[in-house]
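Chains A and B are the protein sequences, given in the same order. Quick note: the first sequence uses the working numbering, first residue 1, plus one each step. Quick note: the second sequence uses the working numbering, first residue 1001, plus one each step.
Treat the hints with care, as some may be off.
Below 25 Å or equal to it, Euclidean Cα-Cα: the simulated DSS-like pairs (lysine-lysine) are [said to hold, decoys possible]:
1. A/Lys-32 with A/Lys-132
2. B/Lys-1451 with B/Lys-1534
3. B/Lys-1188 with A/Lys-32
4. B/Lys-1144 with B/Lys-1060
5. B/Lys-1213 with B/Lys-1284
6. B/Lys-1451 with B/Lys-1584
7. A/Lys-25 with B/Lys-1413
8. A/Lys-25 with B/Lys-1427
9. B/Lys-1575 with A/Lys-32
10. B/Lys-1451 with B/Lys-1441
11. B/Lys-1228 with B/Lys-1213
12. B/Lys-1188 with B/Lys-1160
13. A/Lys-32 with B/Lys-1360
14. B/Lys-1228 with B/Lys-1078
15. B/Lys-1403 with A/Lys-134
16. B/Lys-1403 with A/Lys-132
17. A/Lys-25 with B/Lys-1160
18. A/Lys-25 with B/Lys-1451
19. B/Lys-1525 with B/Lys-1489
20. A/Lys-25 with B/Lys-1468
21. B/Lys-1575 with B/Lys-1451
22. B/Lys-1160 with A/Lys-109
23. B/Lys-1468 with B/Lys-1489
24. B/Lys-1513 with B/Lys-1451
25. A/Lys-109 with B/Lys-1403
26. A/Lys-32 with B/Lys-1403
Over 12 Å on every C-beta distance to chain B, these chain A residues come out as not near it, computed from the model [unchecked claim]:
27. Arg-17
28. Asn-37
29. Asn-54
30. Arg-89
31. Ala-95
32. Arg-104
33. Lys-134
If you are wondering where the hints come from, they were derived from the structure by calculation, not from laboratory data. This structure is a prediction, so every number in the text was calculated from the model and none was measured. For glycine and all other residues, C-beta sits at the position ideal for the given N, C-alpha and C.
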Amino acid sequence: MTSEIEINNPYKNKMARIMVVDDEKDILRIIKRDLENTNEFQVEVFSSGHDALNSFKNHELGYYDVIITDIRMPRMNGFELYRHIKEMRPDTKIAFITAFEINRDEFTKVLPSIDVKDFVIKPIDMNDLIFKIKSMLAT
Amino acid sequence: MLSIVLSRNNIFLLILVIGVGISLSILSYHYSGLTADQIGEIASNDIRSNAIIETDGLSKTLLHIIDPVSTNLEILSKIVNYTNIEGTKIIMDAVQNSTKSLTEGYYWINENGQIVSISNVNSSIINSYSGIDLSNREYFVIPKETLASYYSSAIESIDKIPRLYISFPVLERPNEEVFKGVIVASIKIHELGRFLQSELAPQVAGNVGLMDKNGIIIYGSNPSLIGKYYLGEEFQSLVPEEIRGPYNSLLARSLQGSAGAEDLILFGGNKTTLTYQPVFIGGKYLWTLFVSSPHQLAAEVGVLINNQKNFSTLMILIIGAVALGIAFLILSWNKRLESAVSSRTIELKDANNSLVKYNKLLESANEKLSIHDKMQKEFINIAAHELRTPIMPILGDAIYLEKQFEEGKKEVKVDREQVSSIIRNAKRLRRLASDILDITKIESQSLKLNKEQFNLNDIILSSISDIKAQLLSSNPEQLENLIIVYEPKDVFVFADKNRITQVLFNLLSNSIKFTERGSIEIIVKIENDSAGIKYVVVSIRDTGQGIDGDILPRLFTKFASKSFEGTGLGLFISKSIVHSHGGKIWAVNNLDLGATFYFKIPQQ
């Protein structure tokens, strides 16, 4: 697959590494493909919060530049993942993708403990997602 | 009005005012009483000592007026000359003139008891009296016997006028032992009494009395008692019975020849001081002079002070009553203000309460609204999630392919995964659309059943094969770890075939969703209820994670889902279908592992 070639390409090692977490495998496939087609990102995808958290723990600080996670997932949802990661590395940049009908105020109201700066509503317009990731990387 | 004032503080204040008033009254009354008694006592003492002084003075006055008479009589008795009657008479007239304020006249009686001469009376009249024998009169007999002067008691004559007689014997000189007659002076007792009374100081305001040493009343305020013995019936009948004893013993004491002053308490508490003083004439105890001094002044002072006392007490009572009234008014005014304030407070409170109640109503309405809102929101969220999630892979692949055309390609390569993904997600959308449609039908109560006779076995088998096919496409790994146990058996039932298939498929896919490994067992039984109606009971037992305790009570309501794939509508729709068949659906957690779902519907 093209993605495998690109990951293994040493030139791409300087590229920003993005972790994408979603229980919908079809969605993971599309996000990974579309992000990697820009030749700007390395993408690692995980279909559960547990797998994502394990991978996060097993890598050094700063390995992942941005984490994008779905909210509604079985067993460990996106918020739980967010908390675990923030506990370990508070400065980690995390954005949410969700299919929920929700805006930022409602987000803050429902979960005041989570500082939700960035979230993207499904279905994702890939151009939006790319722009969001770039702006997160810039801060 | 009373009840208004009777708050705790007000009662205390009232009691305080009443207490102070009563204490002041008692103090004032007591003090005034003491003062009255003391002043009364002082006045009584004053009256008593005054009476003693007066009586003493009066006895001296009595002596002073009696003395000249005695002296005159003594002189006359010595100078009378039977040989010169006319000459003696001139002297007698002169003597009478010197004492005429007291004496009625001087009489010269010879040794036979015949009148020789009378002062101020002409001889012809005297001659007409010459036949009268006075030799049996005391004023003749006693001097004749004793050859000494005689002072009579009160003696009533024929004319009913009580008189006092003093007589001196006429003795023949030189040896003076031969009785030659008597010189007598008659004194009208009224005159004596009037004189004594006039001599009495007016402030004593008492009465004078005179009694001889034998207890015969010589003078008293009551003329009818003159000449009467003090223990006699006439006198005693006039002495009030309650003081008779002490009065009589007082009089008896007074006749022993010594002076004294004693108080008598009369009926009604009036006090009288009776002062007595013996009168000695020529060294002999003859009479006792009495002065009775009623303690009228003291009584008056007492009454005055009593009045004062009553007045001041009354004043205090009035002032107290006025103070009480004012206190009462202030309190009631205060109370009225308070009650006005409290009624206003109550009004405000009521208004506030109704506001609070209204707010509560609003709150509960809001709550209901918000519950409704929340449910609505939940539905929208789930619907949004379920609608958006499948769209993304479909759209994502389609856009990806289209992009390649845009790059100038005539043909693009589509791999198997892309096609499968599109179909899978499109089916998911279709299922959601049908679920939403079912919900709409259920909620608008327009769910129609098309009942027919069919074999339950057929739909169970087809459901199993469908679900296996689905699992093979989405999660082949799970299919390897899971076995579906079912013993095929023909069971005919009269029901809506498609709807019952929907229920069966729903329960089956539900079980598979939560059972990663193990088994799912489907059993069909026939059951009779108490009315003899036959039911078909289908149970689906899994070895999954079981039903969450939070979810169990609302398992068959809308959106009660722990799944992150489903709509949370499946079980609600299943319940509605089973109920519309007149059946029942329920679920239990197994004792060991997983859960079992049951539904039963009438066979016919």
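- prompt: Any hints this thing doesn't respect? Which numbers, in order?
  reply: 3, 4, 9, 13, 14, 17, 18, 22, 24, 25, 28
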